[in-house]
Amino acid sequence: MSFSQETLERTELQGEPDWLRERRRAALADFERLPMPSRHDEEWRRTDIAGLNPASFARFERANGAAPAPAPKLPAGVIYEPLATAAANHAKLVEPVLFTLLHHDRDRFAALHSAFFTGGNFLYVPDGVTVDEPILGRHFSHEAGTSVLPHTLIVAGKNSRFNYLDEYIADGDEGEAYRSGSAEIFAGEGSEVGYVAIQKWGRGAWHFGDQRARVEKDATLKLFSVTLGGKFSKNRIEASLVGPGATAELKAIYFASGEQFFDFHTLQDHQVGNTTSDLLFKGALQDTARTVYAGLIKIEKHAARSDAYQANRNLVLSDKAKATSIPMLEIDNNDVRCTHGATVGPVDPNHLFYLESRGIPESTAKRMLIQGFFGQVLDRIPFEEARTLVETELESRIG
Amino acid sequence: MATQPKPVEIGADYKEKYGFFVPEEYVFKAKRGLNPEIVKEISFMKGEPEWMTKFRLRSLEIFRKKPMPTWGADLSVIDFENIFYFLKASDKQSKTWEELPPDIKATYDRLGVPEAERKFLAGVSAQYESEVVYHSLQKELSAKGVIFLDTDSALREHPDLFREYFGTVIPPADNKFSALNSAVWSGGSFIYVPKGVRVDVPLQAYFRINAENMGQFERTLIICDEGSFVHYIEGCTAPIYTSDSLHSAVVEIIVKKGARCRYTTIQNWSTNVFNLVTKRAMAYQDATMEWVDGNLGSQITMKYPSVYLMEPGAKGDVLSIAFAGKGQHQDAGGKMIHVAPNTTSTITSKSISKAGGRTSYRGHIKMYPGANNSKSFVKCDALLLDDESRSDTYPYNDVDAENVTLGHEATVSKVSDEQLFYLMSRGITRAEAETMIVNGFIEPFTKELPLEYAVELNRLIQLEMEGSVG
Chain V
301 MSFSQETLER TELQGEPDWL RERRRAALAD FERLPMPSRH DEEWRRTDIA
351 GLNPASFARF ERANGAAPAP APKLPAGVIY EPLATAAANH AKLVEPVLFT
401 LLHHDRDRFA ALHSAFFTGG NFLYVPDGVT VDEPILGRHF SHEAGTSVLP
451 HTLIVAGKNS RFNYLDEYIA DGDEGEAYRS GSAEIFAGEG SEVGYVAIQK
501 WGRGAWHFGD QRARVEKDAT LKLFSVTLGG KFSKNRIEAS LVGPGATAEL
551 KAIYFASGEQ FFDFHTLQDH QVGNTTSDLL FKGALQDTAR TVYAGLIKIE
601 KHAARSDAYQ ANRNLVLSDK AKATSIPMLE IDNNDVRCTH GATVGPVDPN
651 HLFYLESRGI PESTAKRMLI QGFFGQVLDR IPFEEARTLV ETELESRIG
Chain W
1384 MATQPKPVEI GADYKEKYGF FVPEEYVFKA KRGLNPEIVK EISFMKGEPE
1434 WMTKFRLRSL EIFRKKPMPT WGADLSVIDF ENIFYFLKAS DKQSKTWEEL
1484 PPDIKATYDR LGVPEAERKF LAGVSAQYES EVVYHSLQKE LSAKGVIFLD
1534 TDSALREHPD LFREYFGTVI PPADNKFSAL NSAVWSGGSF IYVPKGVRVD
1584 VPLQAYFRIN AENMGQFERT LIICDEGSFV HYIEGCTAPI YTSDSLHSAV
1634 VEIIVKKGAR CRYTTIQNWS TNVFNLVTKR AMAYQDATME WVDGNLGSQI
1684 TMKYPSVYLM EPGAKGDVLS IAFAGKGQHQ DAGGKMIHVA PNTTSTITSK
1734 SISKAGGRTS YRGHIKMYPG ANNSKSFVKC DALLLDDESR SDTYPYNDVD
1784 AENVTLGHEA TVSKVSDEQL FYLMSRGITR AEAETMIVNG FIEPFTKELP
1834 LEYAVELNRL IQLEMEGSVG
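Residue numbers (my numbering), protein chains in the order written: chain V, 301 to 699; chain W, 1384 to 1853.
Bound-form chain W, shown alone:
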């Protein structure tokens, strides 16, 4: 492996944009491209059981057979043969702070992110100084029987529990990118919450030190046993810098009888990333699944968190916002699949497009025969900040059940002149007024976030509005 790898091809404007690229020096790296040998090598390097190796190989077969999706964003520029599918975790930090793009550093400064956290976010360091917090948290969790590990360790330490649930919510054949993830996955979080246990502190990926939690093909599996509760937070408001330009995660969640799970994402990848993620939860009797999903970064995002409402009384919620600036396309939304009677779901989507950015809401509500007396409501609001930007709405509503109520509403508008006038007549500048209006527009989202995230998100929106980011 003497040759210096070139930066990956997708997001080709990356070099012009940042004016430099990060030299990579890896101790071990899999070869570029994708074939059974590489998949076997990944599995071997991780010391996985045979069933997982077979699962990966089978997934690779499926990936090869599946055509690229022809809807949504333009993905034709992705060259699967020109990507490194596995980089050994400890080698990922071989970058230095100085080498980071200046605008990323500037954003950290302006967001007031602490130095140690910045380095972690930037991938410079995998050590984050929450070690102390993490240890006391780990102690508390294990006393309750909660398992919170990275997915690779979970496969080693809890093989039976792992095998029982892994790949049951999102099978490899679900779509081309879930097949790709199934073949080459690495890292992610594994959470098991036992019966009746409530985890009061939100679990955050970056509490978990020394692990690849923001990998390229991470795989997260959360199991909420009967009557339990957990809130998991993925990502953060500060831009996550990565030189990998394809991010394709799979998140599987099982919410058993009477349990509740909330999964909060704040995605702020740097704008060279293609973010193609499959997220799905199965909610059983009287269970509640809530996706709180914020998409700010990336060049292209295609992500539709979904809930399968499997048993009576199950409830699903998606609350999502998307912000698309210059050159960005956020194709996001949600899916609610009603299988059982007396199930309810809501999707609330807010999107903001600016400086030629494009946001699309794409959603699917399906009520299967037998999902009687179910209710679903979808509301989409889009804000267009200038006449270069674009907003689309593609809601698919299929009703095959009896006595169900389904509603969909959407509006597209600009910042209203009346609101602007009101604020400006009180001496607020136009830019400030617009920022206030945008922050007000996404308030239903921010108020669902833990305080520190909400504050950071508001600050970030302010930066985006000033056009000083990306």
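Chain V with its partners taken away, still in its complex shape:
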């Protein structure tokens, strides 16, 4: 099997409406046309993909596209279905938005994801509806050597409120594999959307994820991203603020160990004035892990009275770990408040000394300091279930 036209037309993907098939074909054309990104592309300068050949993972898992985990009892009008089903059942809602935030001509990996996505969910919350219970989307991988490419599409109606979680879980597969996990989030006027993504694929996975949001007037997006798995992970988290009063909170934590390589690319795109964005990425690195953070705050010409904050903090726990931090600003308006900061450093020896002088062994003291480092940002996870999940997950890794 290969990532080709033939595969695309295979029976497994059939039953989809024609418009979706057309979109997949267009994405495939981009996939075939676009070259692999090279070290000469600014975005990929510090990202080594020399060992990756997507074609060698041109095999899908059968479990893909299975029904989503049992959902809580949802209020009337809320639609929560596998994306493929929703494309057929609710074409009027899905067709106008699917792949309008995630552009498949951006690079080869976005094209591959768009052409062959399998699995993933569609969530639609109508105007004025509040969902109390968080909705948990879980995506599994089982086999090495395969591709798992789930896509999440979230449409929040006016003044709706809800929380959603995407959890990417490896079920026993540790070998080399190709994974993606992308989400498009449309936060309608006045809505409040909590979105959490936890990536814990197997240690052999190549992961490419794009999370893109469009935040309308007076809407609030609270996005929290957790990266733990994969041998390679490239994650782009981007929010466009398109209406006055829009707010995006973009928070992330990552814990890289062994030979893991994590790459984060963020965008706070203030298209209009009176918008707020607040970004904090905190990561710890140990062993020979490497991380790259590159983020941009962009304030458009007429986006006066925008308020943007961007910070990346890296805790380097070993002498062989490497962290790169590139926080960028492009400001086209003077009536704004923009601040950013980056730090890379070890555990503060004074803090360590303080704890050790109280009889706490070094390893426990270090652990406490790492927990403290993450503690501040964990409080910002928008809902309890996700917080507990992340804390447990982190606990087992720091230990």
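Hints were generated in silico from the structure; no laboratory data involved. In this text, all values refer to a predicted model and were calculated from it rather than measured experimentally. Hints may contain errors.
In silico DSS-like cross-links for lysine-lysine, where the CA-CA straight-line distance does not exceed 25 Å [claimed, not checked]:
1. W:Lys1527 with V:Lys601
2. W:Lys1423 with V:Lys598
3. W:Lys1758 with V:Lys666
4. W:Lys1758 with V:Lys620
5. W:Lys1437 with W:Lys1448
6. W:Lys1797 with V:Lys598
7. W:Lys1797 with W:Lys1758
8. W:Lys1749 with V:Lys620
9. W:Lys1527 with W:Lys1449
10. W:Lys1830 with W:Lys1797
11. W:Lys1709 with V:Lys598
12. V:Lys601 with W:Lys1448
Computed list of chain V residues with no C-beta within reach of chain W, every gap over 12 Å [stated by the list, open to error]:
13. Arg324
14. Glu332
15. Pro396
16. His442
17. Glu630
18. Thr643
19. Val644
20. Tyr654
21. Pro661
From the derived model, a few chain W residues whose C-beta atoms are all more than 12 Å from chain V [to be verified]:
22. Pro1432
23. Leu1586
24. Glu1792
25. Arg1813
26. Gly1823
Beta carbons: idealized from backbone N, C-alpha and C, even for Gly.
Given the coordinates of chain V, work out where chain W should sit on it, guided by the hints.
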């Protein structure tokens, strides 16, 4: 060479802007464009040793092979084939005061620059009446063993010392413009400070009379031997008028064990100039290198003074300000490359954008494996004076070493309403208040300058704020 040369193409709005152009009459000029024959001719005219001719030719090869940088400012308008790469020094003065653009003359008036100095700055005269000062200074310096020459003379008079260090800090292959400079360089300063010698007076390029010190492709080389100190000042606050529209200098500095070097630049080229400069220092054990870098003029500046911290205890500092007015893009910053353990660096950048100008901070902190226990801190502040202007920050921070601390902070803001209100409630006009705030904003920079420069810089900022310049 009977044909009258046309003004160079880059900065094409020059003619409209100033409403005239300066007719050039040169006794000798190399042909327009760039090829091995022209490079050989330059080398021959200067009577250079063979190794330098070869070095130039090799650099030209490299220049040809290197692609144009695709980042930073837009350089696509530069037409390398349409530039004169060598004009004989003494012919550069064949302009008259009357022919100068009126706004340049007006600025000199308002800055209170003495007549003789003005002519020198404007390129009308290479004679500056500091001759007396210069002679007594030269005597004092040579008694201490300090060498302070233009780079061409240094190659003739101190060939061995020159060859030992030339091109070792910035090899031709470093980037496209260092290759270009290596192929066609001319003029610049050469300074050697022997072991343990402290030069108390700041050395200034325009003390050095009768030399091309503000050439188009100047090349400066400073060697501070162990335990020595020197402060070198390049440029001045008054606008430097030039009809050359590409300025591409290379500055190499070697700071040996325990030595300290400070290099102060105040760049105020006229706004038709592309200013693409490579500046780099190597700091050895316990040495200190300080770049004090002010960028006010030019159409486009791309300049990132850097320090390679080569041995334990080395320290690097960059303090820079940039002011971008209408049509200007200042892409400036700094680089700190930590190679050895226990090294420290700081970069402080202040930028001001006005009337559609664009300032970019672009920086790189690299901590190589082994540069353990090093520290670096970067702080960038940007002030946007109106909603047409733009400010960018592109800091690259790479840490591959153990137990290092790296911090970066940046803010972008406008002149705060509270500050304005406070000043205006005390009867100060809005324009004056804004000027005071801007002067306060760049104070960390001005206080590092010698007094006369600081005064002139403040006055210049005032002029820029009134919009009466450029």
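Subject >> Least C-beta distance between V:His442 and chain W, which was stated to exceed 12 Å >> reply: It holds; V:His442 is separated from chain W by about 37 Å at its closest Cβ, greater than 12 Å.
Original post:
Is the nearest Cβ of chain V still more than 12 Å from the Cβ of W:Leu1586?
Top reply: Non-interface label on W:Leu1586 holds, nearest chain V Cβ at 37 Å vs cutoff 12 Å.
Original post:
Non-interface claim for V:Thr643: all C-beta distances to chain W beyond 12 Å?
Top reply: Label violated. Min Cβ-Cβ 5 Å, cutoff 12 Å.
Original post:
Hey, W:Lys1758 versus V:Lys666, does the alpha-carbon distance stay inside 25 Å?
Top reply: It holds: about 21 Å lies between the C-alpha atoms, which stays within 25 Å.
Subject >> Given hint W:Lys1448 paired with V:Lys601 - CA-CA distance at most 25 Å >> reply: 38 Å, violated
Original post:
Taking only the CA atoms, is the gap from W:Lys1709 to V:Lys598 under or equal to 25 Å?
Top reply: 21 Å, holds
Original post:
Is the Cβ of V:Arg324 more than 12 Å away from each Cβ in chain W?
Top reply: 33 Å, holds
**OP:** Beyond 12 Å from every chain W Cβ: check whether that's true for V:Val644.
**Re:** 4 Å, violated
Original post:
Taking only the CA atoms, is the gap from W:Lys1423 to V:Lys598 under or equal to 25 Å?
Top reply: 49 Å, violated
Original post:
Does W:Gly1823 sit more than 12 Å from chain V, CB to CB?
Top reply: 17 Å, holds
**OP:** Could you grab the alpha-carbon distance between W:Lys1758 and V:Lys620 and see if it respects the 25 Å cut-off?
**Re:** 17 Å, holds
**OP:** Mind checking the alpha carbons of W:Lys1830 and W:Lys1797 for me, to see if they're no more than 25 Å apart?
**Re:** 23 Å, holds
Hints 1, 2, 7, 9, 12, 17, 18, 19, 24 from the earlier list are contradicted by this structure; the remaining hints agree with it.
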